[in-house]
Amino acid sequence: MRIKSGIFILVIMFSFVSCVSYFNLKKEIADAEGSEIAVISGINNEPNLSFAMMLTASLQKHSKLKVMSQKKIAESIEYYPFRIEGPWKFAYVDIEPDFERVNLEKIKEIQKRLGVKYLYVVWTPVETSYTLQNTGNVYELHTISQLYEFPDGEPIGGSKFVIAKHPGMFSSMGKSKRDVMMYYADNVAKEISEQMKVIKGGNS
Amino acid sequence: MFVKSKQWVLSMLCFLLVILLAGCVGYSPKSDFELVEGEKKINKGTIAVIAGSGSEVDIKLAHEITRQLTENTNLTVFSQEELNKRMPQYPMFFMKSQESETDQWSIRPSYLSEENKKSLKKIQEKLGAEYILLAWAEGISYWENGVSESCIFSFISGKKCKLSVPCRVVKYPENRVIASYNYKDRYYSSSLYSFNQVIDKFLVKASRQISEQFTTVVLDESMLINTGEK
Chain D
0 MRIKSGIFIL
10 VIMFSFVSCV
20 SYFNLKKEIA
30 DAEGSEIAVI
40 SGINNEPNLS
50 FAMMLTASLQ
60 KHSKLKVMSQ
70 KKIAESIEYY
80 PFRIEGPWKF
90 AYVDIEPDFE
100 RVNLEKIKEI
110 QKRLGVKYLY
120 VVWTPVETSY
130 TLQNTGNVYE
140 LHTISQLYEF
150 PDGEPIGGSK
160 FVIAKHPGMF
170 SSMGKSKRDV
180 MMYYADNVAK
190 EISEQMKVIK
200 GGNS
Chain G
0 MFVKSKQWVL
10 SMLCFLLVIL
20 LAGCVGYSPK
30 SDFELVEGEK
40 KINKGTIAVI
50 AGSGSEVDIK
60 LAHEITRQLT
70 ENTNLTVFSQ
80 EELNKRMPQY
90 PMFFMKSQES
100 ETDQWSIRPS
110 YLSEENKKSL
120 KKIQEKLGAE
130 YILLAWAEGI
140 SYWENGVSES
150 CIFSFISGKK
160 CKLSVPCRVV
170 KYPENRVIAS
180 YNYKDRYYSS
190 SLYSFNQVID
200 KFLVKASRQI
210 SEQFTTVVLD
220 ESMLINTGEK
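Residue numbers (numbering that gives the first Met the number 0), protein chains in the order written: chain D, 0 to 203; chain G, 0 to 229.
Just so you know, the hints here were simulated from the structure itself, not pulled from any lab data. Be a bit skeptical, because a hint or two may be false.
From the structure, some residues in chain G lie toward chain D, with a derived Cβ separation under 10 angstroms [claimed, not checked]:
no.: 1; residue: L9
no.: 2; residue: S54
no.: 3; residue: I58
no.: 4; residue: M86
no.: 5; residue: P87
no.: 6; residue: I139
no.: 7; residue: S193
no.: 8; residue: F194
no.: 9; residue: V197
no.: 10; residue: L202
Yeah, the Cβ is synthetic: ideal placement off N, Cα and C, and Gly gets one too.
Using the sequences and the hints, build the whole thing.
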């Protein structure tokens with residue numbers, strides 16, 4: 000009986016892990032190799048900037064894109080990082096998306112300063128924690144992101160997922176918050192690279 | 000007899016439905032805005048409502064309190080957009096935690112740590128405002144289900160949240176807290192609403208209460224749009 004319920008919990012956990020979509024590209028891209036991309040932190044707090052930094056490093060590792068460093072972004076844009084109104088109606092407990100609410104003007108201004116072809120803006124507006132009886136503490140960082148293509152500033156992809164440090168999940172067992180975040184950043188970078196056909200070691 | 004009991008059941012069902020749809024029930028907060036002893040009410044000047052952090056909750060509070068003060072008083076109130084223009088990093092996470100602040104057994108209600116006072120002074124220097132109303136949310140919590148506390152509707156209306164919002168009014172150039180409010184409240188709402196919607200409604204209610212208390216206790220009557228003179 001114990002084995003059966005153990006297997007059941009494993010199946011549920013596995014299905015949760017495998018359901019996460021880290022990135023969805025909305026249009027076919029064939030010639031992105033060598034194009035420049037910058038990852039922008041949409042909120043000026045520590046977790047958001049950390050995720051942007053990790054994603055920058057992961058994209059440099061996994062993709063054939065020219066990835067602008069966070070240092071260069073900070074040198075090019077005064078006061079970076081600062082808040083950019085993001086794509087949500089509410090973001091207190093979780094994110095209720097509303098893509099009309101993005102401050103596209105601010106994003107276009109940033110792109111003008113950086114001169115990159117792709118701008119990947121990531122927001123982490125909700126950070127929650129709670130305790131599960133007999134399991135432990137769960138920490139969640141709700142993220143939403145958009146990939147913009149220039150010169151038009153068209154949103155061509157994005158995602159919405161939760162970075163979760165959950166004592167019962169394989170991906171975060173025994174890991175620090177930073178390690179969990181790096182795991183997610185790596186997965187996002189791999190999916191962006193695969194879907195844009197610029198993954199290192201791929202057939203692009 | 001059967002018809003009568005059927006009518007009773009029906010009317011009870013209607014009653015329950017009305018409560019479910021009506022949604023939200025709140026408590027009246029127990030504390031008030033307090034003017035620090037020896038301080039005078041504000042009878043002119045410029046004021047900026049500053050969010051204690053860049054969190055969605057604090058941003059909502061600052062926007063709503065700003066709106067209320069702009070609509071209902073003769074004070075010159077900085078819009079949140081103006082603050083953002085003058086300080087591109089605003090709203091920002093500038094405050095350091097001072098959780099003991101709302102513990103009124105041991106610390107005076109108007110307490111604002113020296114570190115936070117310094118950070119706020121830097122903001123004030125960029126604005127030149129004569130007064131700053133600083134508001135930030137501490138300890139927002141939410142939960143669902145279960146009979147709890149003393150609200151008679153709590154067994155029906157499923158969503159509940161709790162919030163405390165310390166507020167400080169600081170006068171410049173003196174850099175002195177002249178008034179404070181440690182707003183605390185609970186809010187009950189129908190399960191029909193999402194937690195995000197419930198919290199949003201709660202924040203609007205909290206902001207209204209804070210600005211009403213501010214205008215009543217801290218502001219001179221002549222500064223009220225309905226009763227005063229320009």
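Going by Cβ atoms only, is V197 of chain G closer than 10 angstroms to chain D? 9 angstroms, holds
Proposed interface contact between I58 of chain G and chain D, which counts if any beta carbon pair is under 10 angstroms: I58 of chain G check passes; min Cβ-Cβ to chain D is 8 angstroms, inside 10 angstroms.
Restraint satisfaction for L202 of chain G [CB to CB of chain D, less than 10 angstroms]: 8 angstroms, holds
Interface hint check: S193 of chain G, Cβ to nearest Cβ on chain D, cutoff 10 angstroms. Holds or violated? 7 angstroms, holds
Interface hint status, M86 of chain G versus chain D (Cβ within 10 angstroms): M86 of chain G check passes; min Cβ-Cβ to chain D is 9 angstroms, inside 10 angstroms.
Is the interface hint for S54 of chain G satisfied, with its Cβ closer than 10 angstroms to some Cβ of chain D? Holds - the Cβ of S54 of chain G comes within 10 angstroms of chain D, reaching about 8 angstroms at its closest.
Quick check on I139 of chain G please, does its C-beta sit within 10 angstroms of some C-beta on chain D? 8 angstroms, holds
Do the numbers back the hint for F194 of chain G, that is, is its least Cβ distance to chain D under 10 angstroms? Result: holds, 4 angstroms to nearest chain D Cβ.
Less than 10 angstroms between beta-carbons is the criterion; does P87 of chain G satisfy it with respect to chain D? 4 angstroms, holds
Close enough to count: is the Cβ of L9 of chain G nearer than 10 angstroms to one in chain D? 36 angstroms, violated
Hint 1 from the earlier list is the only one contradicted by this structure; the remaining hints agree with it.
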